[in-house]
Each structure stands twice: as structure tokens, then as C-alpha cells.
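Q: Protein chains in written order, with the working numbering: chain A, 1 to 336; chain B, 1 to 275.
The hints are simulated quantities; they were obtained by calculation from the structure and are not laboratory data. Small disclaimer: the values here were computed from a predicted structure and weren't measured. Heads up, some of the hints might be wrong.
Example chain B residues on the side facing chain A (calculated, C-beta under 8 Å, incomplete) [what the hints assert, rightly or not]:
#1 Q7
#2 N12
#3 S16
#4 T18
#5 S24
#6 I26
#7 S32
#8 A118
#9 T127
#10 N129
#11 S133
#12 F145
#13 I146
#14 R188
Cβ atoms here follow ideal geometry from the backbone N, Cα and C, with glycine treated the same way.
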Amino acid sequence: MDFLNAIVALSNFVIIPAMAYGSQLALGALGVTLIYGILRFSNFAHGDTMAFGTMVVILFTWLFQSWGISLGPLPTALLAIPFGIAGTAALVLITDRGIYRFYRGQKAKPVVFVIVSIGVMFIYNGLTRFILGADDQRFADGERFIINAREFKQMTGLDEGLGIKTTQGLTVVTAIIVVALLFWFLNRTRTGKSMRAYSDNEDLALLSGINPERVVMVTWLIVAALITVAGTLYGLDKSYKPFTYFQLLLPIFASAIVGGLGSPLGAIAGGFVIAFSEVAITYAWKKVLVYLMPEALEPSGLVQLMATEYKFAVSFMILVVVLLFKPTGLFKGKSV
Amino acid sequence: MSDNPYQNDRGNKDASITRPGKPSEIDSTKRSGPMTEAPGGPYLIGDTMTGGYGKGPDILHDCTIAVDKGEIAVIVGPNGAGKSTAMKAVFGMLDVRSGAVRLDGHDITQLTPQDRVAQGMGFVPQTSNIFTSMTVEENLEMGAFIRLDDFTSTMEQVYELFPILKEKRRQPAGELSGGQRQQVAVGRALMTQPKVLMLDEPTAGVSPIVMDELFDRIIEVARTGISILMVEQNARQALEIADKGYVLVQGRNAYTGTGKELLADPEVRKSFLGG
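Generate the whole structure from the sequences, applying the supplied hints.
A: Rendered as C-alpha cells:
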């Protein structure tokens, strides 16, 4: 019984939240890795693109709510996602046309693109704050829980409750669908293969009649979709605040690098590695240990390795360790 | 390297923010200009081309290279003579400041390389001429990218020409030997069913046996009616199979003639074929 309680507590406080967070990071990291693979630079505007995309979703969610449209138990935001993707796609394509394309024509070095993306980041940053403001926004509605902790206790007779939020379930399911679609696209479709070909050898792709500008455009479209979905899921699961989204840049970069930049599979694995480490290190393990250890050995403290305020330090540490010992990342990306 | 500040990365080696590797040399943001009628003349001709890379100095000076249907034309010459450059100029990979490129009665000087592919030109670069991370079959598929019809019969023809590729078709092309990679490279270019195939030193870095084999295959390809324009380091062997030969020196046409004429020319023999 104690053992079961321990497992339930562990699932409730570590495994389930980390799964959801990991899925969100994975979707974000996939975007970073795609841009790195195709356009050769790390996009620092990624976090703020995410904030912008989510903002569009929020605005449409409010519009739908005011019209009285809802999805019943599911959040209305799901209906607004396609509009959010369209808005984000328009933004990144305009940015590419007006800014990045100029530097491509100049054959600028990737590091120039990095700096350019930081500039773009500030613009997006201001844009989002100008339209929606810098404050917290709530836009989640619908059923709150799939499994309620209290009902779970009554059902099983255990001391520990297990709660799964609708948004957590939704995040994992959506992430699986999106990732499956992405892999199908990259490995099976003509356009997807042309993207891999371009990432492999730009000049040869061009000599095969693949239009590089089209590859770049498709990449931005996919990134817009991935990032809007990731941002919306994060916002539903936690809350929406532009600054938090900017801060997500670090764990997202860490995920992409830990998995191996340029490797989509690595981005996903990296996302979960970072999420699990972050949650596990900032979790107070006392609750689980009380069930597992003999009474005499029960810990008196919280057994929390790090306060949650330091969670970004975790991704940073992992990033440093990986860069020191396995620079290509877990999945042999384009050797960092 | 250049005085373009955009191309100065101050020795940045941080691969966690910038992807290492060779970036594209071709300006992909450029658009094609118009294609005009220009009847007459050989099937493909780079006519009195002068030009160089980007804003750099001229490398080619009034250089003319032509090939007719089903012929093999070979460009030979010493190192740094502009052989590869001449080939790239014909393919639109560098600015031709004066002169013209004509294909099948059309002036294609203003076309981008991508659009020249669509016009029936195939190009096999000297290095990094395959998609290393993709399988042999995917390489061929990418070769056929611009074709919207069923290309399985073309793929069968390529496999017939290079049987080893059929055996290895599920293997990543990067795992193949040098000779096999060249076969993938040529096979990829053949997938568009080009009317002209341009090969930049196809036998660079392969053993003499493989080289003979590759030359045999190239002759076979030419027999199917495809014109071949080739840059070769192994001048003697190349001129033996050539219908037309061009000897370039410092970006200019030094000698022009049939392969046999050039092989017999005492001047050419002395200067370029080692006596």
C-alpha cells in the first residue's frame, strides 16, 4: 500500500507535470532545430514568436467566447489554434521577406543571422506587449480535470490523490499527433524530403531544381505551426505571460542542444530530459520518501535539491555538461 | 576573406548558435530574367563568356565552349585555368558580364541555375555532389524533384546503368565508396532526363579501374542522345573519348578541336599531356 501511494504521489507531482512540460519543450525545440538545420542559425526570436502566436490564439479565444462558441469539455483555445497559426505564419513570413531574405542575398554568415534574430526578438517583444500588454492572461476554459484527485482517492482508497488536468492530457496527445505528422512529412512527402535534402547540401538541392526560397518558406510555416501549438499548450497548462515565454528560450535551446541540434528526434528526447530534470530537481521528495523509507529513516527536511526559483539553472547546467562531454548531443546532431 | 561585412564572422566557432559546414555559394534570392529566342548555332554554347564570382575580378575572358547533341565535349587545361569556372558560367552559377549562353535555340543567360535544370540541363559538381544523409534511392528521388510524372522507369534505367546502386539503394549515400558516390551523383543528375549533362571532374579521387568504368558509362549515356560537357583532370583519357576538346589557359580558349586533333597537336602534347 505504501509503495502504491509512493508511485501515485510520484506520478501526480513529477511524472505527469514533466510529461506535459516535456511535450511543450519538445515542440518548441523542434522549431529551433528545424531553423538551425535549414537556415543555419539559432533563432533567438523563438520565445517571442511563441508569445505572439499564443497572443493571437488568446484574442481569437476571447472572440469565440464572446460569441458563445465553446468546445464543451475541451478548451475553446483549440478552435483558435488554426487562426493563431495563420497569424504567426503571416508574421514570420513578413519578417523573412523583409529582413532575413536581405541577409540571405548578402550571403551573410550565420552569426549575423543570430544577431539579426535578436533584433527581431525585441521587435516581437514590443509588438506583443503593445497589443496585449505584459500582464498575465487567462484563457483556459472547459473541464479542468480528466481525473480529479479527490475522486481518485475515493475510487482507489489510497491516501494519495492523482490528478490529471485536461490541459496536461491534451498537451501530450497533441504533441504526439503533431510530432507524428512532422515525421511523416519529413520522411514521406516530396516537400519534406526536399527540406532534408536542402539541409544536407544546399547547392546540390538547388542543382536538383529544388527552390531554396520555397524550402525556407515551408520551414517558417512549419515552425509557426509548431510554436503556436507549443505556446498555446503551455499557456493553457500554466499561464500566459510574454516574459515567461521569452524565458522559455533557455530550456528550449537546452532541449535542442542536448538532443543534438539538427536532429528532430533529438529535440523531442532533449525536451523530455530537460523537463524531467527540472521537475525532479525542484520537487520536494519528502512526500514520496515518507512512503518508501522505514519510519526511523524518514527525512526531516523537504528533500528538495533546489528551490523552484532556480529551475532555469537546471537546464543551464545540463546544457553545459552536454556541451563539455557530448558536443553532438544525444542523437548525433550536426556536431555542436 | 572578403570585404563584405556581412560575410565577416570574426572567427565565430560557436556551433551551438550557428551551423557549421559549407553554406550555399549560389544566390538563391535571385530571380530569372527573360529567355529569348536565339536560333541557330550548336545545341549548347557558352559564347565568348567573360565573368567572375560576385564582385571579384574576371576569371573568364572571352571563353567559348559548345557541345552538340549526343556529343562529348571535354574541357582540359592546367590548374587554375578556369575549367570549372567556365562550366559554372555555362550553368549560371556565376555572373557572366559579357557574352551569352544559348541552349537549343534560346538565350538562357538570364536564367537562374534552378530554371536551367528545368530547361533540361543537369550538373554534377566536383565535390559534395550527393546528399550524404539520404539513402541512394532518396538521392535519385531528389534528382527527379522537378518531375511531376512517374519517374520509376528512369530510376530503373539508372539502376541498369549502375547495377551496384540498386543493391545499395536503401543505404545512406554517405556510407558508399568514392566510385559509388560518383555513380550516385551522375545517377541523380540523370533523373531529370536532362538533354545536356555537365560533369565537373567526375573521376577525381577514384582509382584507375573505376575511372575507366566511369568513362565507359559516360560514353553509354552520350549514346542515348544526351550531350555531355565535362571538365577532366586526366586529359589524355578524356580527349580519347571526346568529340570536341577545349584547352583553357588562364580563362581563355588556348586550343580547340576534336579530341583526336588535340591529341595529335604537338603543342598541346608538349604543354598539357606530358609529351
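Q: Flag every earlier hint the structure violates by its number, smallest first.
A: Structure breaks hints 7 and 9.
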